Amino acid sequence: MFRVDPLANPEPLIRRVYSYVAYRVGDGPDAEDITSETFERALRYKKSYDSTKGEPAAWLIGIARRCIEGRPPSPELSSEHLEAADHRDLEDDALRRLALSAAVGRLEERDRDLIALRYGADLTARQIAELQGAKTNAIEVALHRALARLRAHIEGSDPEPVRKSQAGR
Amino acid sequence: MRSWRRNRETGLEAELRANRPEPSRELVHQLEARVRQDGRQARGSFRLAFVSAIAVGVLAALGSVGGLGYAATGAGQAVAKATRIVHVHGVTQVHKSAARDQYAPTPKRKCRKGTKRVKGKCKRIKKAKGVNFRRPPFTG
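Note that the protein sequences, when read in sequence, are chains D and F.
According to this note's numbering, the first sequence is numbered sequentially starting from 1.
According to this note's numbering, the second sequence is numbered sequentially starting from 1001.
Calculated from the structure, these hints are not laboratory results.
Just so it is clear, the structure is predicted and the values come from calculations on it, not from any experiment.
You may find that some hints are simply not true.
Calculated lysine to aspartate or glutamate pairs in the EDC-like style (CA-CA distance at most 16 Å, straight line) [unchecked claim]:
1. D:Lys47 / F:Asp1038
2. D:Lys46 / F:Asp1038
3. D:Lys47 / D:Asp5
4. D:Lys53 / D:Glu130
Derived, one-sided and incomplete: chain D residues facing chain F with beta-carbon distance under 8 Å [as the list claims (entries may be wrong)]:
5. Tyr23
6. Ala31
7. Tyr49
8. Ser51
9. Glu91
10. Ser101
11. Arg112
12. Gly120
13. Ala129
14. Leu131
15. Glu140
16. Val141
Chain F is nowhere near these chain D residues, computed Cβ spacing over 12 Å in every case [unchecked claim]:
17. Ala8
18. Gly28
19. Asp33
20. Thr38
21. Asp50
22. Glu69
23. Arg97
24. Ala103
25. Arg106
26. Glu109
27. Arg110
28. Asp122
29. Gly133
30. Lys135
31. Thr136
Cβ coordinates follow ideal geometry from the N, Cα and C atoms, glycine included.
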C-alpha cells in the first residue's frame, strides 16, 4: 500500500552518485551537472522506483549512467594534469587523488565504469551484475582485471593487453 | 607520493575508496534542499488525500446503517439545547400581578346611560332626527 521513498535520506546518496559520476567523467562542474540532472530525473520518476528490485543507490546509479551516456564523451584525464599539479606544489593527499583520477581516466570506458561502480558508488559485485545484466562471477573477474590495468597505468608501464572479447562486453 | 606508490599493490582498492571524489558542500546542500522540498509537497498532498479518503469512508459506513439521520437528529438536538442555554433573555415584565393591581392607575368612571366619552368627557348622544326611541303605548 505505502511506497518506499528512495530519497528519504539524500545526503549519502548524493555523495555516492557524485563519486561514481566523477570517476566516470572527471571531478568538477561536469560531474556536478550530471549529479544534479540525475536527482532531477529521480524526483520526476520517483514513483517508478521498485524497492523489490534493488536499493535506492543502485536505482540512482542506473539513472546517472543514462545521464552520462546521453552526454558527449569527456576528454580523458592525462598525465599532464598530474605534471601541472606537481608544479603547483599541492599537498600529498591532493596529489594522490589527482594521480588516481588520472589513472582511472586513462582506463577503457568499461573498466572505468566498473571501477566507478565498485569504488565510487560503493556497489557490491552482485549489484553491479544486476545493473549490467551479467553474472556476479563475471563482474568480479572483470573488476580484478580492471584493477590490474589500473595498477599498470599507475606504474607507468604498458597496461595488460585488453582482449577484444573482454572489451566488447 | 612515493609512499603511496609503495603501497599501491596492496591497498589500491583502499586508495580508490579513500580518494574517491567528493561533492562540494554547496552541491550537497542544494540537492538535499531540493529533495526535501519535493518530499514536503508530496507529503502534503498525501495527507489531504488520506483525510479525504477517511472522511468518505466514515460517511459511507454511517450512511449504510442509517447513521446519518441519527447523527443529524443528534446534532440538531445539540444545537437546540445549546441555543436554549446560550440565548439571552430580556427583562421579564409581569403584566398581571397583585403589586401591579395595587399601584395601577385608577380606572376611569363609566359614562352614564345615553352618554359617551368624547375627548375624556362624557357627552350626551344626539338623537338623529325623525327617530323615536319612545316605548310604544301599552294596549292591553
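Verification of the hints:
1. D:Lys47 / F:Asp1038: 13 Å, holds
2. D:Lys46 / F:Asp1038: Holds, because 10 Å separates the two Cα atoms, which is no more than 16 Å.
3. D:Lys47 / D:Asp5: 9 Å, holds
4. D:Lys53 / D:Glu130: Roughly 9 Å separates the two Cα atoms, so the pair holds.
5. Tyr23: 7 Å, holds
6. Ala31: 7 Å, holds
7. Tyr49: Violated. Min distance 13 Å.
8. Ser51: 16 Å, violated
9. Glu91: 11 Å, violated
10. Ser101: 7 Å, holds
11. Arg112: 12 Å, violated
12. Gly120: 5 Å, holds
13. Ala129: 18 Å, violated
14. Leu131: 18 Å, violated
15. Glu140: Hint on glutamate 140 (chain D): violated, closest Cβ of chain F at ~13 Å, above 8 Å.
16. Val141: The hint is violated - valine 141 (chain D) has no Cβ within 8 Å of chain F, the shortest such distance being about 15 Å.
17. Ala8: 8 Å, violated
18. Gly28: Answer for glycine 28 (chain D): violated, closest chain F Cβ roughly 9 Å.
19. Asp33: 10 Å, violated
20. Thr38: 9 Å, violated
21. Asp50: Consistent with the label, aspartate 50 (chain D) stays out of reach of chain F, its closest Cβ about 17 Å off (over 12 Å).
22. Glu69: At about 20 Å from chain F, glutamate 69 (chain D) clears the 12 Å cut-off, so the statement holds.
23. Arg97: Since the minimum Cβ distance to chain F is about 4 Å, arginine 97 (chain D) lies within 12 Å and the statement is violated.
24. Ala103: Not fine: 10 Å to the nearest Cβ puts alanine 103 (chain D) too close to chain F.
25. Arg106: 14 Å, holds
26. Glu109: 17 Å, holds
27. Arg110: Correct as stated: the minimum Cβ-Cβ distance to chain F is 16 Å, above 12 Å.
28. Asp122: 8 Å, violated
29. Gly133: Correct as stated: the minimum Cβ-Cβ distance to chain F is 24 Å, above 12 Å.
30. Lys135: Correct as stated: the minimum Cβ-Cβ distance to chain F is 21 Å, above 12 Å.
31. Thr136: Threonine 136 (chain D) clear of chain F: closest Cβ-Cβ about 17 Å, beyond 12 Å.
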